[in-house]
Amino acid sequence: MKSVLALLVVALFLASAAIGPAWWPWRLGDEVGWAIVLDLRLPRALLGVLVGAALGLSGAVLQAWLRNPLAEPGVIGVSACASFAAVCAFYSGLAAAFALALPLAGIVGAAAGIAALMSAVRAGAGTVSLLLMGVAINAIAAALISLVLALAPNPFAFQETWLWLAGSIADRDLRHVLMAAPFIVGGAGLVLMHRRWLDALSLGEDAARSLGADTRRLGLWLTLAVGLMAGAATAVAGMVGFVGLVAPHLVRARVGFKPGATLVPSMLVGAILVLAADIAVRVLPTAYELQLGVFTSLVGAPFLVRVIRRAQASWLAT
Amino acid sequence: MTIRLAATILGLLLAAAGTARAEPPRRVVTVNLCLDQLALRLAAPGQLAAVSYLARDPRTSVLADRAREIPTVRGTVESILDVRPDLVIFDAMAKANVKRLVRASGVAILELPWARSLEEAQTSIARMADALGRSELGRDLVAEMRERERQLVRPGPPTATAAVLHASLLTAGKGSLTDELLGLTGYRNLATELGIPAYGRFSLEAVLAAQPDLVILDGEANADPARATSFVDHPAIRTLARHARILSLPMRYSICAGPESLDAMQMLRKVHP
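Chains as they are written, first to last, in my numbering: chain P, 1 to 318; chain W, 1 to 273.
Keep in mind the hints are simulated off the structure, nothing from the lab.
Be aware that a few hints might be false.
[What the hints assert, rightly or not] Cross-link-like lysine to any residue pairs, in silico, SDA-like; alpha carbons within 20 Å at most:
no. : chain 1 : residue 1 : chain 2 : residue 2
1   : W       : K174      : W       : P157
2   : W       : K95       : P       : F158
3   : W       : K174      : P       : P285
4   : P       : K2        : P       : V255
5   : W       : K95       : W       : E119
6   : W       : K99       : W       : E119
7   : W       : K174      : W       : Q151
8   : W       : K99       : W       : S79
9   : P       : K2        : P       : L250
10  : W       : K174      : P       : R196
11  : W       : K174      : W       : L184
12  : W       : K174      : P       : Y288
13  : W       : K174      : P       : V255
14  : W       : K174      : W       : E119
15  : W       : K174      : W       : M251
[Unchecked claim] Quick list of the computed label-pair ranges, beta carbon to beta carbon:
no. : chain 1 : residue 1 : chain 2 : residue 2 : range
16  : W       : D233      : P       : A143      : 44 to 54 Å
17  : W       : D233      : P       : W162      : 15 to 25 Å
18  : P       : A280      : W       : R26       : 28 to 38 Å
19  : P       : A143      : W       : A241      : 34 to 44 Å
20  : P       : A287      : W       : L137      : 33 to 43 Å
21  : W       : V153      : P       : F98       : 44 to 54 Å
22  : W       : D57       : P       : R254      : 35 to 45 Å
23  : P       : F98       : W       : A198      : 51 to 61 Å
Using N, Cα and C, we set each Cβ at its ideal position, and we do this for glycine too.
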């Protein structure tokens with residue numbers, strides 16, 4: 001299955017580099033035509049792979065770790081915390097002073113969001129308490145973002161931040177790719193190094209400890225890893241919701257419900273979903289391009305409704 | 001539609017009430033950047049009691065210096081009533097609630113529609129001048145605008161294409177002031193050709209693919225870094241800049257329809273190939 005998914009990622013990556021309002025820019029035959037491919041579409045396709053992989057893998061890790069099928073960076077407020085930190089870095093001038101401040105702030109924000117969540121919700125806690133905590137974290141982050149915007153010196157603050165929060169990988173350049181790639185790759189590496197223990201952790205912390213896992217250290221590593229991936233992805237692409245929720249669900253049944261085995265397929269499916277959604281917003285006949293995050297929410301939110309209805313009351317009641 | 005019509009009729013009635021008064025108002029407040037700038041040009045010395053805070057911002061206002069000598073208000077009832085106005089001039093699209101409360105406290109209000117063309121701006125100028133008891137100055141200002149427009153118009157069909165890139169890649173499509181100014185100075189507006197509505201958005205790819213002759217952006221805005229304007233440093237825009245002319249049109253010239261629109265027209269005319 002992995003090789004099929006990997007092939008799909010490659011195919012969509014190439015499609016992403018070939019599709020756009022200009023269609024075949026190389027027919028222009030000059031610098032401008034090549035700039036469309038190299039400066040606009042290539043960064044976009046690369047970010048599609050990186051951001052999608054980061055979100056898909058983050059979702060798979062969080063769902064296994066929290067033993068909760070609704071855990072996802074967007075739903076539980078991790079993306080919102082990353083956004084808040086990135087907005088702070090932006091309007092304080094830090095991001096202008098040195099470029100890495102933006103992804104670093106996103107990472108700190110995302111990790112802080114996970115830490116806040118874990119302080120209130122132990123692994124395996126009921127879905128309701130997890131989601132309520134997510135609602136609270138999301139609300140706090142949204143309020144803090146509004147506060148920072150009200151203090152921001154720049155006249156476009158509300159408009160630009162609204163557009164950015166709606167999520168997009170359009171019109172980025174290679175600087176954004178270089179900014180996010182090391183952190184996302186590093187985070188993914190960390191998770192894959194600990195994949196073995198994730199199976200143990202999904203049995204509950206006590207069971208994991210009895211199998212020889214150092215759950216405290218493992219928790220710290222996973223917090224850092226998800227922080228790196230979700231934080232860096234949010235810093236360059238804004239909030240792209242529901243990818244982390246949908247990707248693990250699509251692969252879980254096919255890998256025999258083993259959390260460790262969902263990781264790589266979830267990562268690939270995440271990349272596929274973001275690349276496909278990003279191509280869709282380009283070809284949809286709207287007067288101007290829909291924001292990527294708006295599109296993934298339009299498609300992903302009904303999926304969440306379906307998951308909840310399918311699951312029935314069994315785990316929702318706890 | 002009926003609401004807008006009703007608002008217009010109401011505005012006209014109020015304007016009529018304003019002119020019927022023997023005494024011109026002595027403490028006038030405007031709470032809209034575009035109306036601020038018209039009032040700063042039309043009001044007698046001391047007649048303008050306050051303008052909106054945006055009128056002082058040199059990025060958004062061409063009369064920021066003059067506005068600095070006058071107190072500012074925010075669009076809230078309390079901050080407006082605090083300066084004890086006898087006439088408050090609102091944009092017709094301003095919050096109905098604020099207008100209702102100001103009127104309820106016994107202060108006359110005048111509503112002017114948001115001007116989206118030179119002609120609408122001239123109508124607004126005439127109506128505001130009448131309300132301020134400065135009809136003659138208003139007529140002079142309108143006559144001056146018409147004369148400058150006559151000198152700056154480029155006759156004949158358009159011979160070049162222009163792409164307007166505002167903050168956040170927003171652009172000015174059909175029905176916008178900038179679209180009118182481009183037409184008058186001999187440009188086809190790329191946004192209009194692509195069917196983008198008056199305040200829609202561009203993608204950089206669409207701009208590059210069309211290879212416009214002129215790219216209009218606000219080169220000053222990114223001095224205070226913003227996500228909205230960071231696209232001016234995008235490598236793709238730098239490449240395009242080697243093939244197209246770039247006109248830096250500060251946004252203070254393109255936000256409002258008014259005498260400053262003719263300065264924008266002059267800049268457009270100067271770079272026409």
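These are the hints, each one checked on the structure:
Between W:K174 and W:P157 the alpha-carbon distance is near 17 Å, which keeps this suggested pair within the 20 Å criterion. For the hint linking W:K95 to P:F158, the alpha-carbon distance of about 19 Å falls within 20 Å, and the restraint holds. For the proposed pair W:K174 and P:P285, the alpha carbon gap of about 18 Å is at most 20 Å, so the pair holds. The straight-line distance between the Cα atoms of P:K2 and P:V255 is roughly 10 Å, inside the 20 Å bound, and the hint therefore holds.
For the suggested pair W:K95 and W:E119, the alpha carbons sit about 25 Å apart, so the restraint of at most 20 Å is broken. For a cut-off of 20 Å, the pair hint linking W:K99 to W:E119 is broken: about 26 Å separates their Cα positions. Taking the CA atoms of W:K174 and W:Q151, the gap is about 24 Å. The hint is violated against a cut of 20 Å. A threshold of 20 Å between alpha carbons decides the hint, and for W:K99 with W:S79 the separation of about 13 Å falls inside it, so the pair holds.
The suggested pairing of P:K2 with P:L250 holds, with an alpha-carbon distance near 13 Å, which does not exceed 20 Å. At most 20 Å may separate the alpha-carbon atoms for a hinted pair to count; W:K174 and P:R196 exceed this at roughly 59 Å. With a C-alpha separation of about 14 Å, the suggested pair W:K174 and W:L184 falls inside the 20 Å cut-off, and the hint holds. A threshold of 20 Å between alpha carbons decides the hint, and for W:K174 with P:Y288 the separation of about 14 Å falls inside it, so the pair holds.
Taking the CA atoms of W:K174 and P:V255, the gap is about 54 Å. The hint is violated against a cut of 20 Å. Between the alpha carbons of W:K174 and W:E119 the distance comes to roughly 16 Å, so the proposed pair stays at or under 20 Å and holds. Straight-line distance between C-alpha atoms of W:K174 and W:M251 comes to about 18 Å, which keeps the hinted pair within the 20 Å bound. Taken as a hint, the range 44 to 54 Å is violated for the pair W:D233 and P:A143, whose Cβ atoms sit roughly 32 Å apart.
Taken as a hint, the range 15 to 25 Å holds for the pair W:D233 and P:W162, whose Cβ atoms sit roughly 22 Å apart. Between P:A280 and W:R26 the CB atoms are about 60 Å apart, so this pair departs from the stated range of 28 to 38 Å. For P:A143 paired with W:A241, a C-beta distance near 41 Å keeps the hint of 34 to 44 Å intact. Taking 33 to 43 Å as the suggested C-beta distance range, the pair P:A287 and W:L137 conforms, at roughly 42 Å.
The hinted window of 44 to 54 Å between W:V153 and P:F98 holds, with their beta carbons roughly 49 Å apart. A beta carbon spacing of about 57 Å between W:D57 and P:R254 contradicts the range 35 to 45 Å that was offered as a hint. One distance hint, 51 to 61 Å for the beta-carbon pair P:F98 and W:A198, is violated here, with the actual separation near 39 Å.
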